[in-house]
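Enquirer: What follows is the residue order along each chain.
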Amino acid sequence: MNDNDVVLKIENVGKDYILGTVTGETLKDAIRRRRNLKKGVSSDDLVHNSVFTALDDVSLEIRRGECIGIIGSNGAGKSTLLKLISRITIPTRGRIFIDGKVSSMLEVGTGFHPELTGKENIYLNGSILGMRRQEIDAKLDSIIEFSECQEFIDTPVKRYSSGMYVKLAFSVAAHLDSDIMIMDEVLAVGDIKFQHKCLDKMKEIARTEGRTILYVSHNMETVHNLCDRCIVLNHGRLVFDGSVDDAVKMYNGVNVKTETTADFARYIRPGWLGRDDVRLSWAEFSDKNDNVFKDDKMNILFRYKNNADVHNAGIRIEFTSDSDHPFATQVFNNVIDGPDGSEGEFCVSVDLSKIQNGTYQTYYTVFVLDPYDDGVDLDCVRGLDVTIAREHVPGEIKWRASSWGSVKL
Amino acid sequence: MSKKWTTVIEPKVPLLRIPFGEIIKYRELVWTLVKRNYEVQYKQTILGPLWLIFSLIINSGLFSFIFGYVGGFSSDGTPYFLFYMTGSVAWDFFASCFGSNTTVLLDNSYLFGKVYFPRLIMPIANVFFNMIRVGIKLIVTLLVWLFFFLNGEANMIGPRIVFLIPLGLIMAALGTAMGLIVSCNTIKYRDFSHIVGLLTTIMMYVSPVIYSTSQLPKLIQDVVYINPISSLVEAFRYCIVGNGEIHVIPLIYSTLFTLVIVMISLVQYNQTEKDFIDII
Numbered sequence: 212m213n214d215n216d217v218v219l220k221i222e223n224v225g226k227d228y229i230l231g232t233v234t235g236e237t238l239k240d241a242i243r244r245r246r247n248l249k250k251g252v253s254s255d256d257l258v259h260n261s262v263f264t265a266l267d268d269v270s271l272e273i274r275r276g277e278c279i280g281i282i283g284s285n286g287a288g289k290s291t292l293l294k295l296i297s298r299i300t301i302p303t304r305g306r307i308f309i310d311g312k313v314s315s316m317l318e319v320g321t322g323f324h325p326e327l328t329g330k331e332n333i334y335l336n337g338s339i340l341g342m343r344r345q346e347i348d349a350k351l352d353s354i355i356e357f358s359e360c361q362e363f364i365d366t367p368v369k370r371y372s373s374g375m376y377v378k379l380a381f382s383v384a385a386h387l388d389s390d391i392m393i394m395d396e397v398l399a400v401g402d403i404k405f406q407h408k409c410l411d412k413m414k415e416i417a418r419t420e421g422r423t424i425l426y427v428s429h430n431m432e433t434v435h436n437l438c439d440r441c442i443v444l445n446h447g448r449l450v451f452d453g454s455v456d457d458a459v460k461m462y463n464g465v466n467v468k469t470e471t472t473a474d475f476a477r478y479i480r481p482g483w484l485g486r487d488d489v490r491l492s493w494a495e496f497s498d499k500n501d502n503v504f505k506d507d508k509m510n511i512l513f514r515y516k517n518n519a520d521v522h523n524a525g526i527r528i529e530f531t532s533d534s535d536h537p538f539a540t541q542v543f544n545n546v547i548d549g550p551d552g553s554e555g556e557f558c559v560s561v562d563l564s565k566i567q568n569g570t571y572q573t574y575y576t577v578f579v580l581d582p583y584d585d586g587v588d589l590d591c592v593r594g595l596d597v598t599i600a601r602e603h604v605p606g607e608i609k610w611r612a613s614s615w616g617s618v619k620l
Numbered sequence: 002m003s004k005k006w007t008t009v010i011e012p013k014v015p016l017l018r019i020p021f022g023e024i025i026k027y028r029e030l031v032w033t034l035v036k037r038n039y040e041v042q043y044k045q046t047i048l049g050p051l052w053l054i055f056s057l058i059i060n061s062g063l064f065s066f067i068f069g070y071v072g073g074f075s076s077d078g079t080p081y082f083l084f085y086m087t088g089s090v091a092w093d094f095f096a097s098c099f100g101s102n103t104t105v106l107l108d109n110s111y112l113f114g115k116v117y118f119p120r121l122i123m124p125i126a127n128v129f130f131n132m133i134r135v136g137i138k139l140i141v142t143l144l145v146w147l148f149f150f151l152n153g154e155a156n157m158i159g160p161r162i163v164f165l166i167p168l169g170l171i172m173a174a175l176g177t178a179m180g181l182i183v184s185c186n187t188i189k190y191r192d193f194s195h196i197v198g199l200l201t202t203i204m205m206y207v208s209p210v211i212y213s214t215s216q217l218p219k220l221i222q223d224v225v226y227i228n229p230i231s232s233l234v235e236a237f238r239y240c241i242v243g244n245g246e247i248h249v250i251p252l253i254y255s256t257l258f259t260l261v262i263v264m265i266s267l268v269q270y271n272q273t274e275k276d277f278i279d280i281i
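For the record, the sequence lines run as chains E and C.
Quick note, the first sequence lines up with residues 212 to 620 if you use our numbering.
Quick note, the second sequence lines up with residues 2 to 281 if you use our numbering.
These are computed hints drawn from the structure, not numbers from a lab.
On a predicted model such as this, the values are computed, not experimentally measured, just so you know.
No residue lacks a Cβ here, since even glycine has one placed at the ideal position from N, Cα and C.
Errors might be hidden in some of the hints.
From chain C, some residues computed to sit far from chain E (all C-beta separations above 12 Å) [said to hold, decoys possible]:
#1 T7
#2 V9
#3 I10
#4 L30
#5 T33
#6 V41
#7 K115
#8 P119
#9 I122
#10 V141
#11 I158
#12 V261
If the Cβ cut is set under 8 Å, some of the chain C residues that face chain E in the computed set are [unchecked claim]:
#13 T8
#14 Y81
#15 G114
#16 D279
Straight line, CA to CA, 25 Å or less: simulated DSS-like cross-link-like pairs of lysine-lysine [stated by the list, open to error]:
#17 K460/E / K508/E
#18 K275/C / K330/E
#19 K369/E / K44/C
#20 K312/E / K44/C
#21 K220/E / K13/C
#22 K350/E / K414/E
#23 K219/C / K5/C
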């Protein structure tokens with residue numbers, strides 16, 4: 212291995228954004244603010260315009276031919292990192308070195324103009340993405356074929372259905388050709404069939420020799436399929452760099468779990484959580500030495516910490532099968548209560564009597580009721596795995612979970 | 002061993018840098034964008050670029066009627082129609098280079114936010130597009146000139162006509178540079194977008210587009226020549242019709258003014274384009 216193999220080197224890169232209203236201000240505001248600054252008066256705007264660090268001190272070296280997955284929950288800094296590498300904006304700190312041509316597929320249909328026909332847009336979009344004219348000429352047929360839009364290729368895209376539009380757009384992006392490719396999984400567009408086609412195409416690109424790929428995804432399966440190295444970002448920091456297996460475990464918070472205890476302090480919360488009022492910090496089967504249950508009661512001890520005043524929050528214990536489909540949930544109301552900053556613990560006793568033998572994953576979700584009695588989720592963590600192994604009672608039917616499901620009514 | 006990198010991305014961008022190499026690499030994009038502008042403008046029109054010619058003829062006709070026939074402005078002996086046509090061709094070229102670039106960053110932010118190419122490509126494409134338009138208009142103007150020449154009302158065109166090229170380039174540079182400065186400042190302060198219309202009107206009336214400076218008192222003439230576009234429009238017209246006179250000092254002033262403003266605009270554009278996408 213020598214230095215020449217490195218195609219992308221990221222050195223202590225950081226990126227700050229200014230929060231607040233930089234955009235909406237008028238000349239008048241700016242002059243007033245400058246005057247206030249001179250006088251030494253701190254105006255309200257200054258308080259508003261605090262700095263948000265989207266990326267902090269990220270360093271990374273990527274070698275030729277590597278295929279790297281980037282995972283992390285929403286807001287972890289993935290997009291910011293990609294934007295920096297594809298030169299859309301510049302870092303606040305640090306430097307990025309690139310050897311070779313970078314193509315970024317951050318969005319499909321960049322620069323598509325509704326008035327132009329499909330074919331004209333292929334040329335427009337292709338050259339915006341950095342393709343040469345001859346290159347597009349050579350690939351035109353396969354782009355059109357891939358897009359499944361042959362009939363409409365001479366029609367202005369404003370008359371396209373939205374599905375046709377994204378199909379055509381993806382087809383152009385998929386035929387890009389460069390040393391470093393930046394791909395975002397959200398690119399996989401269209402109906403399920405076409406999405407699979409997109410993912411297959413991405414795999415094909417990834418496998419082609421000599422390409423270096425940066426692949427962002429929330430879908431661990433495709434990361435597994437595509438990548439041979441994976442990094443995890445959390446709150447703008449690089450928290451892991453290594454094998455895909457370990458990265459996915461890290462992301463799912465598996466490595467801080469034992470059979471009977473789980474520490475959620477470093478667990479990366481899912482991005483869809485809108486609020487962060489309370490965080491579970493610990494869960495354990497306090498009265499057991501393993502996670503194999505032979506009776507109908509599962510006692511779980513929880514610890515939590517409030518980040519805001521919380522009243523009458525409940526917890527849901529959700530059971531899912533291998534395929535991540537939830538099939539049973541027990542709800543406990545009014546278990547968390549307390550002012551901002553308080554910590555506490557509570558114990559729940561889950562009734563397993565209707566769940567049949569098997570190994571199940573669980574999720575613990577904290578919620579409060581809104582005025583319409585809908586649950587608003589405050590925290591959600593991947594819980595302890597549960598194995599139920601009751602002994603067979605002679606004379607009772609043997610349960611076939613694969614045909615009848617896991618719940619016996 | 003130190004390695005040669007294709008690209009180094011750093012927090013600081015040099016003040017005055019024109020990435021010639023990159024722009025040449027992306028020359029096909031310039032052409033594609035020019036074509037897009039053209040096609041978008043004339044999609045679903047029957048007459049297509051003929052509209053350009055109509056509006057030029059109608060404008061010149063209106064000007065001739067109002068300022069020439071009714072107002073009795075002096076045209077230094079040039080037929081009114083030809084006088085106003087040459088004036089408005091020159092003026093429109095400058096004004097469209099200016100106008101089309103005042104919103105270049107805002108209008109294309111959807112592109113700039115998704116993909117990288119040298120940001121100067123966009124204003125360059127705008128200028129090329131306007132050059133094509135001014136080329137078409139010039140051909141029409143020359144036909145009009147031919148008509149008056151055959152009638153014995155216009156002078157023969159001499160070799161001076163080649164000076165249209167440097168004059169055109171200076172006008173394009175001036176217009177684009179002013180447009181870029183407005184564009185950069187509009188990112189933060191939308192106030193600047195309101196200046197554009199006002200500035201265009203002022204610059205047009207304080208320049209010999211619709212009158213000739215020879216009829217003005219000396220003092221007012223000097224004021225008119227403060228407007229950097231004045232001497233350019235006048236020289237542009239002189240190159241075609243050959244009436245009136247060339248004022249050398251205002252021309253030198255306009256050229257220097259253009260150089261300075263181009264530098265300023267490049268510095269500002271470089272500093273703005275690097276991260277304007279964060280605050281837009």
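Enquirer: Each of the hints needs a verdict: does it hold here or not?
Expert: Each hint, compared with the structure:
1. T7: Violated: least Cβ distance 5 Å, not greater than 12 Å.
2. V9: violated, 5 Å
3. I10: Answer for I10/C: violated, closest chain E Cβ roughly 4 Å.
4. L30: L30/C is in fact no farther than 12 Å from some Cβ atom of chain E, at 5 Å.
5. T33: violated, 4 Å
6. V41: With a cut-off of 12 Å, V41/C comes too close to chain E, as the shortest Cβ separation is near 5 Å.
7. K115: violated, 4 Å
8. P119: violated, 10 Å
9. I122: At roughly 10 Å from the nearest Cβ of chain E, I122/C sits no farther out than 12 Å, so the non-interface label is violated.
10. V141: holds, 26 Å
11. I158: The claim stands: I158/C keeps its Cβ more than 12 Å from every Cβ of chain E (closest is about 38 Å).
12. V261: holds, 23 Å
13. T8: This interface hint holds because 4 Å falls under the 8 Å limit.
14. Y81: violated, 38 Å
15. G114: This interface hint holds because 6 Å falls under the 8 Å limit.
16. D279: Interface hint status for D279/C: holds (6 Å vs cutoff 8 Å).
17. K460/E / K508/E: violated, 29 Å
18. K275/C / K330/E: violated, 32 Å
19. K369/E / K44/C: holds, 12 Å
20. K312/E / K44/C: violated, 35 Å
21. K220/E / K13/C: Measuring from Cα to Cα gives roughly 18 Å; hence the hint holds.
22. K350/E / K414/E: holds, 19 Å
23. K219/C / K5/C: violated, 61 Å
Hint violations for this structure: numbers 1, 2, 3, 4, 5, 6, 7, 8, 9, 14, 17, 18, 20 and 23, all remaining hints satisfied.
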